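**Q** Given chain A, put chain B in place with the hints provided.
The chain contents come next:
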Amino acid sequence: MADDFFVKAHRNLSLTGEGNIQSLFANRAGAVVQVNLIDQLIAAGYGYHVTIGALTTPIQGGGAGTILDTLQPEFSLAVPSGSAIYLIRGSVQAELPADQDGDVQEILFAADRLAASNASSATGTVEVAFNMRTDNPRSSLCTVVSANTVNITAPTHGLEIARKQEVTNIVTSGITQGVLELLYEPLSPLLLVGPASFYALWGGTQAMSAFGQFQWVEMPEALNALWGGS
Amino acid sequence: MADMQVASRRNPTMTRENGSLYAWANPAGALVAMSFKDAMVAAGYGFHVTVGALTTPIVGGGAGTVLVIATPELIISVPSGTAIMPIRIKVDCELPADLDNDIEEIVIAVDRTQALTSGGTSTTEVAFNMRSDNPTTSLCSVYSAVTVTVAPTPVHGIELARKQEHTNLLTAGITQGFMDLLYEPLHPPIIVGPANVSVMFGGVTAMSGFINAQWVEMPEALNSLWGGS
Numbered sequence: 001m002a003d004d005f006f007v008k009a010h011r012n013l014s015l016t017g018e019g020n021i022q023s024l025f026a027n028r029a030g031a032v033v034q035v036n037l038i039d040q041l042i043a044a045g046y047g048y049h050v051t052i053g054a055l056t057t058p059i060q061g062g063g064a065g066t067i068l069d070t071l072q073p074e075f076s077l078a079v080p081s082g083s084a085i086y087l088i089r090g091s092v093q094a095e096l097p098a099d100q101d102g103d104v105q106e107i108l109f110a111a112d113r114l115a116a117s118n119a120s121s122a123t124g125t126v127e128v129a130f131n132m133r134t135d136n137p138r139s140s141l142c143t144v145v146s147a148n149t150v151n152i153t154a155p156t157h158g159l160e161i162a163r164k165q166e167v168t169n170i171v172t173s174g175i176t177q178g179v180l181e182l183l184y185e186p187l188s189p190l191l192l193v194g195p196a197s198f199y200a201l202w203g204g205t206q207a208m209s210a211f212g213q214f215q216w217v218e219m220p221e222a223l224n225a226l227w228g229g230s
Numbered sequence: 001m002a003d004m005q006v007a008s009r010r011n012p013t014m015t016r017e018n019g020s021l022y023a024w025a026n027p028a029g030a031l032v033a034m035s036f037k038d039a040m041v042a043a044g045y046g047f048h049v050t051v052g053a054l055t056t057p058i059v060g061g062g063a064g065t066v067l068v069i070a071t072p073e074l075i076i077s078v079p080s081g082t083a084i085m086p087i088r089i090k091v092d093c094e095l096p097a098d099l100d101n102d103i104e105e106i107v108i109a110v111d112r113t114q115a116l117t118s119g120g121t122s123t124t125e126v127a128f129n130m131r132s133d134n135p136t137t138s139l140c141s142v143y144s145a146v147t148v149t150v151a152p153t154p155v156h157g158i159e160l161a162r163k164q165e166h167t168n169l170l171t172a173g174i175t176q177g178f179m180d181l182l183y184e185p186l187h188p189p190i191i192v193g194p195a196n197v198s199v200m201f202g203g204v205t206a207m208s209g210f211i212n213a214q215w216v217e218m219p220e221a222l223n224s225l226w227g228g229s
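Chains A and B, in that order, are what the protein sequence lines are. Each residue of the first sequence is one higher than the one before, starting from 1 at the first, in the working numbering. Each residue of the second sequence is one higher than the one before, starting from 1 at the first, in the working numbering.
Just chain A, same shape as in the assembly (with noise of 0.2 Å):
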């Protein structure tokens, strides 16, 4: 037994009610007009985006600069117990300030998968998540704190999930000159469950200061059937 797949042809949109039934959209070929999961829960008021740094001013967490602190990250995003993401794009681009034979400068992106991070205004600076689909009265039920330069709880970083890594050989000091950034934008990106967290840190040999964004689409427990369960 088999049930032909109809269509509906047609080069423009025609939309109908919410919770309307109606044919499945194709164009006049037939082929199937689809969209993704992750830019309907974008249109639905789950996407969720955050700036490190403003304008020409970049930040610094921990350490000066000069080494990646685990204790305090440039960034960090606490999922709470409940609450599910889908990190879609994370994007750093560094102040390249490396000039000395040696020099190491390296960016990193981690997730620790069993503990929100307990950064807050006492350790950072507390940023505001801004919907993705900008009218949405959503907000986002995660933590976001950037330029950590007192010591949050020690994460672990169970996932390394993307890094830059740059090394300066040169036979003169001073004469670099170039870009240092990170671009992750995952096809299938990590499906992390909390409690749980995703750090950003920059630093290396040189002091190092950084620019970021952040988008995440978030699934709060009303979704759960979306993720949860074994």
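In short, the hints are calculated from the structure, not lab data. Hints are supplied without guarantee of correctness; some may be wrong.
Beta-carbon label-pair distances, calculated as ranges [what the hints assert, rightly or not]:
1) B:Ala151 / A:Gly174: 42 to 50 Å
2) A:Ala44 / B:Leu54: 38 to 46 Å
3) B:Phe128 / A:Glu185: 23 to 31 Å
4) A:Leu226 / B:Pro219: 24 to 32 Å
5) B:Phe128 / A:Asn12: 14 to 22 Å
In silico lysine-lysine, BS3-like type, Cα no more than 30 Å apart, as pairs [to be verified]:
6) B:Lys90 / A:Lys164
7) B:Lys90 / B:Lys37
8) B:Lys37 / A:Lys8
Computed list of chain B residues with no C-beta within reach of chain A, every gap over 10 Å [to be verified]:
9) Ala53
10) Thr55
11) Thr56
12) Pro57
13) Pro79
14) Glu94
15) Thr117
16) Thr124
17) Asn129
18) Asp133
Remember, it's a predicted structure, so these values are computed and weren't measured experimentally. Cβ atoms here follow ideal geometry from the backbone N, Cα and C, with glycine treated the same way.
**A** Okay, now just chain B, sitting in the frame of chain A:
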């Protein structure tokens, strides 16, 4: 239990607008699909704007030496009732940095709550439909090379993307390189009017550049795609 049957074809077969037909699959039964954003472009809701032309780049406010929020190199004002998804913004600058500690920057940012009432002193740009024969026109106002402030001054709640370059050298005048930024997100935000999107570039040494920007625009008639809670 029922199989889902599709029409297996290597070559496309067309039907009329609003006609009913089998879903298209290849001869192996793999469903042929297209993205919703591509379908929106085919329906005439995609727009493209070019800033700078051929070999002539532009400079916005601050004579190219600073990022000035009120005099951006490009600004797309989204009116109330309309929403846009930026799908591709490419900036290519003519990198001038050749002095120690020169910093050059490109920033794409969003004001979530205000549309422009004035484009200041600037070049009004034409947004062309990405389906090049489609008569649908953009409801957005687009200005480039702003040299006298737009109104109101944008408030950048969101910085979408950025490029940053730092020069370290002992002898001035010996750098060479690229300074460009490609923002082509897998999952774009939905910027709901009143709002605006700015592109700014500049640095210690005056920098000029070119911009290509593309977005999918959803006017009031498509409000159910993005409106409401």
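**Q** Hint compliance check: list the failing hint numbers for this structure, sorted ascending.
**A** Failing hints: none at all.
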